[in-house]
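Protein chains: 2
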Amino acid sequence: MKLKVYADRMSQPSRAVLIFCKVNRIDFEEVRVDISKRQHLTLEFKEINPMRKLPAIVDGRFKLFESHAILIYLSCVFPGVADHWYPADLFKRAKIHSVLDWHHSNLRRGAAEYVKNTTLAPALGLPLDPQAAAEAEKVLFSSLSKIESVWLKGSGRFLLGGNQPSIADLSLVCELMQLEVLDEKDCSRILAPHKNVQQWIEDTKNATRPHFDEVHQILFKAKVKLQKLRSMSINNESSLQTKLASKM
Amino acid sequence: MKLKVYADRMSQPSRAVLIFCKVNRIDFEEVRVDISKRQHLTLEFKEINPMRKLPAIVDGRFKLFESHAILIYLSCVFPGVADHWYPADLFKRAKIHSVLDWHHSNLRRGAAEYVKNTTLAPALGLPLDPQAAAEAEKVLFSSLSKIESVWLKGSGRFLLGGNQPSIADLSLVCELMQLEVLDEKDCSRILAPHKNVQQWIEDTKNATRPHFDEVHQILFKAKVKLQKLRSMSINNESSLQTKLASKM
Chain X
1 MKLKVYADRM
11 SQPSRAVLIF
21 CKVNRIDFEE
31 VRVDISKRQH
41 LTLEFKEINP
51 MRKLPAIVDG
61 RFKLFESHAI
71 LIYLSCVFPG
81 VADHWYPADL
91 FKRAKIHSVL
101 DWHHSNLRRG
111 AAEYVKNTTL
121 APALGLPLDP
131 QAAAEAEKVL
141 FSSLSKIESV
151 WLKGSGRFLL
161 GGNQPSIADL
171 SLVCELMQLE
181 VLDEKDCSRI
191 LAPHKNVQQW
201 IEDTKNATRP
211 HFDEVHQILF
221 KAKVKLQKLR
231 SMSINNESSL
241 QTKLASKM
Chain L
1 MKLKVYADRM
11 SQPSRAVLIF
21 CKVNRIDFEE
31 VRVDISKRQH
41 LTLEFKEINP
51 MRKLPAIVDG
61 RFKLFESHAI
71 LIYLSCVFPG
81 VADHWYPADL
91 FKRAKIHSVL
101 DWHHSNLRRG
111 AAEYVKNTTL
121 APALGLPLDP
131 QAAAEAEKVL
141 FSSLSKIESV
151 WLKGSGRFLL
161 GGNQPSIADL
171 SLVCELMQLE
181 VLDEKDCSRI
191 LAPHKNVQQW
201 IEDTKNATRP
211 HFDEVHQILF
221 KAKVKLQKLR
231 SMSINNESSL
241 QTKLASKM
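Chains X and L supply the protein sequences, listed in that same order.
Residue numbering for the first sequence follows UniProt numbering, beginning at 1 and increasing consecutively.
Residue numbering for the second sequence follows UniProt numbering, beginning at 1 and increasing consecutively.
Treat the hints as calculated values from the structure; they're not laboratory data.
A quick note: this is a predicted structure, and the numbers were derived from the prediction, not measured.
You may find that some hints are simply not true.
No copy labels: a pair is met if it fits in one copy or bridges any two.
Unchecked claim - With a straight-line cut-off of 20 Å between C-alpha atoms, the simulated DMTMM-like cross-links for lysine to aspartate or glutamate are:
1. K138 <-> E113
2. K116 <-> E135
3. K63 <-> E148
4. K153 <-> E44
My request is simple: use the sequences and hints to build the entire structure.
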């Protein structure tokens, strides 16, 4: 039975798993679960993931959720996956776990909360929260500095000094890609001080093309839509919500 | 060269790593880094962990931080560690990764933020924040429900239906132990609705005694100190801060 990947391409960990499968030529079926339509809250999806989050996979009788756990599992069970994604070497593997664990409370928390509270909340039926955005901005800025000064400190182009990407590069870059939906000036303000981070994002894109771009199409479309809405100075939240939800 | 574990026993992930080493008879040296004395912010400790967080380990030339990454590494490199802590079986291992990943954004976030913002902040030189506490409480309550309805759903006494504890049991139970420093009524209010969680905490303690109690001594002392301060109705924050810091 073919691997099933339950995903919403508007979710950054979903995108990481989809790109990973495509780059590694894993034979899988993408089952779209639309968060904006609350499809992740259905009883049907609860059978797949009782936490009602995306992504999740079903591989035969085996069910799994949490994107990092999924990426590790897929790296181990599909023999075609190249070693650099999740090296067999215990020391390299330990360092990748360290990045992935760090990610949860740092980059993910900062980026996701910032984008939600400055931009996406209305599309999810929530109010924008400037105080939460300000706190998330601090976490995001600190995380970007640490990526540059710690994780990208090695000689290679990727995290931990690698010459080829690992699952950590894919997870973190997909997280950062959501900054695309911000106002362009704001996105530049956040990323401009971090030249090495920008180069690393480009290198990770290049290493996973054309799948990276294909899976991110939905995000680029949302970006254009949001830019149009901004330039039309539509500040009415309910209108923004309707227009965004129809796109996502 | 002996494994070095840099830890502050007031930090719950530090306690998990220390208990793990002791239960598995790993020969190690505990290097105490006192967070209340800001020893984790020294240049010396930055050489060990550039993120300036605890715990961290040095094993020969190899340095590692993030407690989950450390627990996995130790399980893999020390042959005396029994399989149940981090099973070689890929499916069991994947499920443990799933619990550990979930933990970061759920139980850890809820419990640590709640305890900080209701109780420990003054000892860290920070103000108490009732709004942050209320938000953390929601995450904590939801996490406890999910532990009971999802992770403890199996037939065994431990997470994922295990008959013996894994590194996930140890990490999550150590996180929950910090609730001990709360006002006793508040701690009961939080845990009382979750009988299976309470039983699982007891089972994990029993499976790791006497090391569990020994490593938690500092927490039990802090609990007594805080209870005394409460019963003396000392509400002055600066006084509480001085008295707590001297204990920790």
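Now for the hints, and whether the structure bears them out:
no., hint, in the structure
1, K138 <-> E113, "both (11 Å within a copy, 17 Å between copies)"
2, K116 <-> E135, "both (12 Å within a copy, 17 Å between copies)"
3, K63 <-> E148, "between (36 Å within a copy, 19 Å between copies)"
4, K153 <-> E44, "between (45 Å within a copy, 19 Å between copies)"
The structure shown violates none of the earlier numbered hints.
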